[in-house]
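Undergrad: Chains as they are written, first to last, in full-length UniProt numbering: chain A, 1 to 143; chain B, 1 to 143; chain C, 1 to 143; chain D, 1 to 143; chain E, 1 to 143; chain F, 1 to 143.
Hints may contain errors.
[Unchecked claim] Listed below are the simulated BS3-like cross-link pairs for lysine-lysine, each with C-alpha atoms no more than 30 Å apart in a straight line:
(1) B:K88 - C:K88
(2) A:K88 - F:K88
(3) B:K88 - D:K88
(4) C:K88 - D:K88
(5) E:K88 - A:K88
It should be emphasised that the hints constitute simulated quantities derived from the structure, not laboratory data.
6 protein chains.
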Amino acid sequence: MSTTTPDPITPEDRERRDRFDRGRAVLDAVDGAAGEAVITALQDVAPELAHQIIGWAYGDIYARPGLVPRDRQLLTLGMLTALGGCEKELTVHLNAALNVGLTPQEIVEALLHSAVYCGIPRALNATMVAKDVFAERGLLPVT
Amino acid sequence: MSTTTPDPITPEDRERRDRFDRGRAVLDAVDGAAGEAVITALQDVAPELAHQIIGWAYGDIYARPGLVPRDRQLLTLGMLTALGGCEKELTVHLNAALNVGLTPQEIVEALLHSAVYCGIPRALNATMVAKDVFAERGLLPVT
Amino acid sequence: MSTTTPDPITPEDRERRDRFDRGRAVLDAVDGAAGEAVITALQDVAPELAHQIIGWAYGDIYARPGLVPRDRQLLTLGMLTALGGCEKELTVHLNAALNVGLTPQEIVEALLHSAVYCGIPRALNATMVAKDVFAERGLLPVT
Amino acid sequence: MSTTTPDPITPEDRERRDRFDRGRAVLDAVDGAAGEAVITALQDVAPELAHQIIGWAYGDIYARPGLVPRDRQLLTLGMLTALGGCEKELTVHLNAALNVGLTPQEIVEALLHSAVYCGIPRALNATMVAKDVFAERGLLPVT
Amino acid sequence: MSTTTPDPITPEDRERRDRFDRGRAVLDAVDGAAGEAVITALQDVAPELAHQIIGWAYGDIYARPGLVPRDRQLLTLGMLTALGGCEKELTVHLNAALNVGLTPQEIVEALLHSAVYCGIPRALNATMVAKDVFAERGLLPVT
Amino acid sequence: MSTTTPDPITPEDRERRDRFDRGRAVLDAVDGAAGEAVITALQDVAPELAHQIIGWAYGDIYARPGLVPRDRQLLTLGMLTALGGCEKELTVHLNAALNVGLTPQEIVEALLHSAVYCGIPRALNATMVAKDVFAERGLLPVT
Numbered sequence: 001m002s003t004t005t006p007d008p009i010t011p012e013d014r015e016r017r018d019r020f021d022r023g024r025a026v027l028d029a030v031d032g033a034a035g036e037a038v039i040t041a042l043q044d045v046a047p048e049l050a051h052q053i054i055g056w057a058y059g060d061i062y063a064r065p066g067l068v069p070r071d072r073q074l075l076t077l078g079m080l081t082a083l084g085g086c087e088k089e090l091t092v093h094l095n096a097a098l099n100v101g102l103t104p105q106e107i108v109e110a111l112l113h114s115a116v117y118c119g120i121p122r123a124l125n126a127t128m129v130a131k132d133v134f135a136e137r138g139l140l141p142v143t
Numbered sequence: 001m002s003t004t005t006p007d008p009i010t011p012e013d014r015e016r017r018d019r020f021d022r023g024r025a026v027l028d029a030v031d032g033a034a035g036e037a038v039i040t041a042l043q044d045v046a047p048e049l050a051h052q053i054i055g056w057a058y059g060d061i062y063a064r065p066g067l068v069p070r071d072r073q074l075l076t077l078g079m080l081t082a083l084g085g086c087e088k089e090l091t092v093h094l095n096a097a098l099n100v101g102l103t104p105q106e107i108v109e110a111l112l113h114s115a116v117y118c119g120i121p122r123a124l125n126a127t128m129v130a131k132d133v134f135a136e137r138g139l140l141p142v143t
Numbered sequence: 001m002s003t004t005t006p007d008p009i010t011p012e013d014r015e016r017r018d019r020f021d022r023g024r025a026v027l028d029a030v031d032g033a034a035g036e037a038v039i040t041a042l043q044d045v046a047p048e049l050a051h052q053i054i055g056w057a058y059g060d061i062y063a064r065p066g067l068v069p070r071d072r073q074l075l076t077l078g079m080l081t082a083l084g085g086c087e088k089e090l091t092v093h094l095n096a097a098l099n100v101g102l103t104p105q106e107i108v109e110a111l112l113h114s115a116v117y118c119g120i121p122r123a124l125n126a127t128m129v130a131k132d133v134f135a136e137r138g139l140l141p142v143t
Numbered sequence: 001m002s003t004t005t006p007d008p009i010t011p012e013d014r015e016r017r018d019r020f021d022r023g024r025a026v027l028d029a030v031d032g033a034a035g036e037a038v039i040t041a042l043q044d045v046a047p048e049l050a051h052q053i054i055g056w057a058y059g060d061i062y063a064r065p066g067l068v069p070r071d072r073q074l075l076t077l078g079m080l081t082a083l084g085g086c087e088k089e090l091t092v093h094l095n096a097a098l099n100v101g102l103t104p105q106e107i108v109e110a111l112l113h114s115a116v117y118c119g120i121p122r123a124l125n126a127t128m129v130a131k132d133v134f135a136e137r138g139l140l141p142v143t
Numbered sequence: 001m002s003t004t005t006p007d008p009i010t011p012e013d014r015e016r017r018d019r020f021d022r023g024r025a026v027l028d029a030v031d032g033a034a035g036e037a038v039i040t041a042l043q044d045v046a047p048e049l050a051h052q053i054i055g056w057a058y059g060d061i062y063a064r065p066g067l068v069p070r071d072r073q074l075l076t077l078g079m080l081t082a083l084g085g086c087e088k089e090l091t092v093h094l095n096a097a098l099n100v101g102l103t104p105q106e107i108v109e110a111l112l113h114s115a116v117y118c119g120i121p122r123a124l125n126a127t128m129v130a131k132d133v134f135a136e137r138g139l140l141p142v143t
Numbered sequence: 001m002s003t004t005t006p007d008p009i010t011p012e013d014r015e016r017r018d019r020f021d022r023g024r025a026v027l028d029a030v031d032g033a034a035g036e037a038v039i040t041a042l043q044d045v046a047p048e049l050a051h052q053i054i055g056w057a058y059g060d061i062y063a064r065p066g067l068v069p070r071d072r073q074l075l076t077l078g079m080l081t082a083l084g085g086c087e088k089e090l091t092v093h094l095n096a097a098l099n100v101g102l103t104p105q106e107i108v109e110a111l112l113h114s115a116v117y118c119g120i121p122r123a124l125n126a127t128m129v130a131k132d133v134f135a136e137r138g139l140l141p142v143t
């Protein structure tokens, strides 16, 4: 590209990139390697979904100051437990929850609390995913 | 049973009553009149369900010290939003959330966050219930 | 129709009518007026859905001998409670459950049991629909 | 930025407004008054959710050329039917479906098809909402 | 039945067989080997469910002319994504969608669209199943 | 216990242990080894959830006389099928259903019935789990 050609990046492109960069910073801080693996896996099938996860979910929503990261992960654990069938996303967000300061004891308590609203099977499924995540991080037994 | 026989209340009955009393104290502190109305409505159709809501959900689970009341309500809002079709329960727990210190701004932010995981319709439905609860408590507009 | 014109009803038409008749007999025996109202309401918008409800759901599935009507309604109450957002269908099938011999006490117990698997909100919503159905049939209080 | 040019609109603000304007154009073309009413109702409780519905859902996703509007509404009807408890959103998107060229016959057929995957209750609930929408637009009976 | 008329097939049996044959033709045209594998797997446990999938879902519903096969698969992808926990059925219907003319680009766009209504986790789960199906058919990368 | 050492077991502890013992007896009678494995797996991550499953779900709810064990398992199969994503819990409760007297034929019929209310995918998923359970117990083919 010659020095005389004007910048080909439109304002819209720039904003798109800025949101992405902002979202990526949040994603890196919160989800680390587990979130990154999801984004990488999407590149050859649905790169726009990857972009929206980073640019919208993390860049637009997570980046807002209205709730601290710990609150957002607590909420997210509750929703993923209630939805069911989200074991992979639970793995990412159980790691995220630990990364932002929730203790294994608090996570287990949150999943016990979820039994009241979602029933025992959903609470049990989420707890077994938590067991795997805790095991991988050397956090068992939870006492 | 003769007049000389001591208290006919078995240990099991007493424990059942104790759990109920413990749960009722939590329920009163957290949900106030909205929760009470649910319990009353159940008396002529399913008194045992009313007992289990108070004695188990509140007496056994809510009463545990592992998560502060604000955390429990945040979680609960996320789960009820994800489940869908729980507008009445959301009314109770949006009131509870305000009672234990969540601000309208935080609640609205939590429901915005829920759009990422549950989609726009669930987030929108819960937000419209929140609008009604806030209106009734003179908390609109949320700024 | 003159004797020279061959019967215009194809074998397929006849079978379609036979399944419908078989289903209608089951529907009438089980759901009575409440089921009939649903079928009527569909006539000007989706008559084929009405046909499939009667001809398939009732004519093909309900009519099978493998489970007695009481078992089918017990199952159905459990599924409608778990699905959520099916208050109208619950009204139909709570009536059906009573029609095929489930007592109000058994229904209330089944909905209490559902709290274990579906959580308190789904159990509570279904129980409040049951209260309305029981009230309309003069079955309150359930003791 | 010089002291004499007081332009207070940052590039980020401008992009935010551009996405909103793009989304609003799509929303107006597709959902008309029903969508607009939702956005208005959110203003005093969750204006950011309104912004995200327009700027993200319509501005970022709906505005993409990869699927024609008719395909998007067909998909949306299927998802809202499957989710359950989304009667208000179905009202908006049944209107949208008609606006982008789906006929009442196709909509009814789509909801009949949904019975295979979501079961009769979800299909029935969605069909009764369609009946209301069709009635309001003078489209009954569907033949 | 006299010994001279050996036809043991009742009209009902014949219709049952006809619906099955009609459904099987649709199934073969749409789902190919993946659908066939499901039917085969059911033979020793629930042959009647296999019969109903073919005779009812395909023979009665899919065979209707009101929606073209491409529309039916688009709808089906939306519903299976919304339901969650239907990875095996998604595999069958992603193959079916490709068989009836939906392109990988349209499928990926449909799943991106689903994020608006079902949330990111459901959209992501479905997209990862699509990645597997596309990989098996040599359709990666989607560009 | 001597008069100088005060009883270290509070009435609450005793009741907690009694409910647990009552629940364990029900669990053992109904779910056998499959249920036991779940409880064991929870010990190092969420022992309180294990306690609540036994003490509350089995000790408080299952132990009630209002529905016979066969009815409770029939209901449970319906709810787990409707919820989706509960394959592990279905394995436990399909075994339990057989243990309390439901025949493979009745179970298969119940899952066929579930197609009417939950749709084909949920019915199919549950039936494939049943196939595995029946195979392990030498109960195939179901005729």
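Undergrad: Next step is simple, just say for each hint if it's right about the structure.
TA: To see whether the hints hold, each was checked on the structure:
1. B:K88 - C:K88: The hint holds at about 16 Å.
2. A:K88 - F:K88: Between K88 of chain A and K88 of chain F the Cα gap is close to 16 Å, so the pair holds against 30 Å.
3. B:K88 - D:K88: 16 Å, holds
4. C:K88 - D:K88: Judged against 30 Å, a Cα distance of about 16 Å means the pair holds.
5. E:K88 - A:K88: Status holds; Cα separation ~16 Å.
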